[in-house]
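J.: Add chain B to chain A, keeping to what the hints say.
2 protein chains.
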Amino acid sequence: MKFRRSGRLIDMTNYFIQNPQRLIPLTYFADKYQSAKSSISEDMGIIKQTFEQRGIGTLITLPGAAGGVKFIPKTSKEEATSFIAELGDIVQNPERLLPGGYLYLTDILGNPTLVNHIGRLFASVFADRDIDVVMTVATKGIPLAYAVAQYLNVPVVIVRRDSKVTEGSTVSINYVSGSSKRIQTMLLAKRSLAQGSKVLIIDDFMKAGGTINGMISLLEEFDAKVAGIGVLLESEDTQERLVDEYVSLVKLTAVDVKEKHISVEAGNYSSFI
Amino acid sequence: MKFRRSGRLIDMTNYFIQNPQRLIPLTYFADKYQSAKSSISEDMGIIKQTFEQRGIGTLITLPGAAGGVKFIPKTSKEEATSFIAELGDIVQNPERLLPGGYLYLTDILGNPTLVNHIGRLFASVFADRDIDVVMTVATKGIPLAYAVAQYLNVPVVIVRRDSKVTEGSTVSINYVSGSSKRIQTMLLAKRSLAQGSKVLIIDDFMKAGGTINGMISLLEEFDAKVAGIGVLLESEDTQERLVDEYVSLVKLTAVDVKEKHISVEAGNYSSFI
Chain A
1 MKFRRSGRLI DMTNYFIQNP QRLIPLTYFA DKYQSAKSSI SEDMGIIKQT
51 FEQRGIGTLI TLPGAAGGVK FIPKTSKEEA TSFIAELGDI VQNPERLLPG
101 GYLYLTDILG NPTLVNHIGR LFASVFADRD IDVVMTVATK GIPLAYAVAQ
151 YLNVPVVIVR RDSKVTEGST VSINYVSGSS KRIQTMLLAK RSLAQGSKVL
201 IIDDFMKAGG TINGMISLLE EFDAKVAGIG VLLESEDTQE RLVDEYVSLV
251 KLTAVDVKEK HISVEAGNYS SFI
Chain B
1 MKFRRSGRLI DMTNYFIQNP QRLIPLTYFA DKYQSAKSSI SEDMGIIKQT
51 FEQRGIGTLI TLPGAAGGVK FIPKTSKEEA TSFIAELGDI VQNPERLLPG
101 GYLYLTDILG NPTLVNHIGR LFASVFADRD IDVVMTVATK GIPLAYAVAQ
151 YLNVPVVIVR RDSKVTEGST VSINYVSGSS KRIQTMLLAK RSLAQGSKVL
201 IIDDFMKAGG TINGMISLLE EFDAKVAGIG VLLESEDTQE RLVDEYVSLV
251 KLTAVDVKEK HISVEAGNYS SFI
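These protein sequence lines map, in sequence, to chains A and B.
Residue 32 in UniProt numbering sits at position 32 of the first sequence, and the numbers go up by one each step.
Residue 272 in UniProt numbering sits at position 272 of the second sequence, and the numbers go up by one each step.
One chain only, chain A, in its complex shape (with noise of 0.2 Å):
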């Protein structure tokens, strides 16, 4: 079926969009449209300059036998910046408050809508390390985990508090708790992680750092390595920290359960990028 180049444009930003940081040859391209590949280049000559105007990403064309094109979504300053304050005022909401001054945060992991966008804004300043896989910890994490690890095009690995007879033999590791000082265990599948990964560490919260920090243990137990760290929500109310560099979207500085009132500022995201 052969196109003309409304409709190639429209197919091609539907693939990469589709296909984030993928090397794509121009070839597939050319094949598929039945176009000279001088006509492809033209096309994505015009959708870099649509993506890189719009704030969407931009296009990377590696030249040569082996090379190709490559999408990587980016967000910009502004959005960033916007999107953030949208999600403070959304965590902000003292409904949220539930006894013990926890905050009820499953509405904001629930919304796919919103799961996408962190996972967006994760993976565009993210963009530039070189990364193998992403690591969360169940429950909570995993949406944010796969957000990123789509736009990043890299696997999931998930961490459990308990065996299951379905993830095979695993390696376990106790930890301490930050804030609670509890000793809790933590395991992952043997065969989910290959020996010196690069790993992006993606969790909703993080308050003394506990959790995080014991992911980094396990991580040494598979000779892995992190690559970077990003969390939702970052609590500012705990002596010491436990883990040092990491990017946050949200910072909760202040839950006052009796005035039920929480108070947020952005995070740290606005230097990174």
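Think of the hints as simulated: they come from the structure by calculation, not from any bench.
Some hints could be false.
Where chains are identical, the list cannot tell them apart; a pair therefore holds if satisfied intra-copy or between any two copies.
Claimed, not checked - BS3-like, lysine-lysine: derived pairs with alpha carbons at most 25 Å apart:
{"no.": "1", "residue 1": "77", "residue 2": "181"}
{"no.": "2", "residue 1": "48", "residue 2": "32"}
{"no.": "3", "residue 1": "190", "residue 2": "225"}
{"no.": "4", "residue 1": "37", "residue 2": "190"}
{"no.": "5", "residue 1": "74", "residue 2": "251"}
{"no.": "6", "residue 1": "70", "residue 2": "37"}
Bear in mind that the values here come from a model prediction, so they are computed numbers and not experimental data.
T.: Frame of chain A, contents of chain B only:
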């Protein structure tokens, strides 16, 4: 910023792909591109035609003041059949066999490209049903549920096996697992599901159907209704199936631990599209 047609087609395609099943007023695009509504209508005609030709989906236009345009993702029968065959090959790999005849599926569920494609297939088959929310049970079904929910533009609710303080008050039920006949518990945060919701249940694996049956019982506690059931992998190895109507992608017909052999065939998906 004024846009030429090619730029509009690219940006609109991106917007539709990122916002499936959402009604977008024509004025949104007319304002965004400072273009006449007649030009936007022509653009949408070109996009609709390309989406349909390439099996991406379709655009539906609703007339009137409250009207607009909506992108409905669809998968062609050919694409679904070939993807399901590919999935079957992946599942059949004898290295998946775990002690006890269990299958390791974590790598499939950890691959965002596969998960996304599975999500698009389910969203395609359930596109015409009235669905308020996608439900699954922690942990392994979560990525699939999000992929489906994103294409349907509805939230996800996650049933858990254990209670967490950050979920607030919960409703719990006991149920009998279909194959092991053990009594198990599942629970759902009270505020995560509105009374009377129409729920699409998604899970990775169904044997006798005890877990899915448990979720159906839990729905009754919320006066909610089952709008559909989708499972990635069903197992034939069962006397009495507890669940009637469901859509499956792949069917496990035999697992021979001694000979290290896994047999699969296509699930019932193709009879629904």
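J.: Looking back at the hints listed earlier, which ones does the structure fail to meet?
T.: Violated hints (numbers, rising): 1, 4; every other hint is consistent with the structure.
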